[in-house]
Amino acid sequence: NAGVTQTPKFRVLKTGQSMTLLCAQDMNHEYMYWYRQDPGMGLRLIHYSVGEGTTAKGEVPDGYNVSRLKKQNFLLGLESAAPSQTSVYFCASSYSGGLAQYFGPGTRLLVL
Amino acid sequence: QQPVQSPQAVILREGEDAVINCSSSKALYSVHWYRQKHGEAPVFLMILLKGGEQKGHDKISASFNEKKQQSSLYLTASQLSYSGTYFCGTDFAGNQFYFGTGTSLTVIP
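Same order as they appear, the protein sequences are chains A and B. Numbering of the first sequence is given in our numbering, commencing with residue 18 and proceeding in unit increments. Numbering of the second sequence is given in our numbering, commencing with residue -10 and proceeding in unit increments.
Each statement offered as a hint is correct.
Partial list, derived from the structure: chain A residues whose beta carbon lies under 8 Å from chain B: (1) Tyr50; (2) Gly59; (3) Leu60; (4) Val67; (5) Ala73; (6) Phe107; (7) Gly114; (8) Gly115; (9) Ala117; (10) Tyr119; (11) Phe120; (12) Gly123.
Derived pair list, reagent style BS3-like, types lysine-lysine, alpha-carbon separation capped at 30 Å: (13) Lys26(B) x Lys26(A); (14) Lys39(B) x Lys74(A); (15) Lys39(B) x Lys26(B); (16) Lys26(B) x Lys88(A); (17) Lys74(A) x Lys15(B); (18) Lys15(B) x Lys56(B); (19) Lys74(A) x Lys26(B).
If you're looking for bench data, these hints aren't it; they were derived computationally from the structure. Keep in mind that this is a model prediction, so the values were computed, not measured. Ideal Cβ placement from N, Cα and C applies to all residues, glycine included.
Kindly generate the complete structure, drawing on both the sequences and the hints.
Okay, here's the thing in structure tokens:
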């Protein structure tokens, strides 16, 4: 059981470049979440999914898109990266809404 | 809508107790608690439901007062391993999840 995994672990982008972060879970969880965490701040929800084929906006969705084509995978895309998107990105999953969330190890993204 | 935690930071000596508070301006139906060690991902500690008080692992427990829209996390006889940042969180009975502002806890020998 790998739990929640994230790819890549670290990435450096130039302003305007695009990239996709991959989150995978092997716990058969319905709900998946993408958060960003900035220095000295808590975690803020970017997008989430309540099941395969569904996505919804969180608190800070601008500049990001997501897809959940398979139950076990949740992709986060940045179409045109900006320095303000420099952050640590965490993916999480839960069996259902309101239940414990299990986090991946995070992806550190630096946008120059 | 983000829950507010207090204190922002606390330093303890091993064996001392601490209380971390989580307050919301909006009605709470459940409260989660997580701990995040430096450079690592948050780890789930416990969930409290309306009217419930739950004992977690080690010597960490919590209470939930829905009338006051508050939850408190109690760490007794703190150990070095308790160091980290503690976050409360809630979904306000919806699907969006909001983490609190965080409390940095440092336990020194």
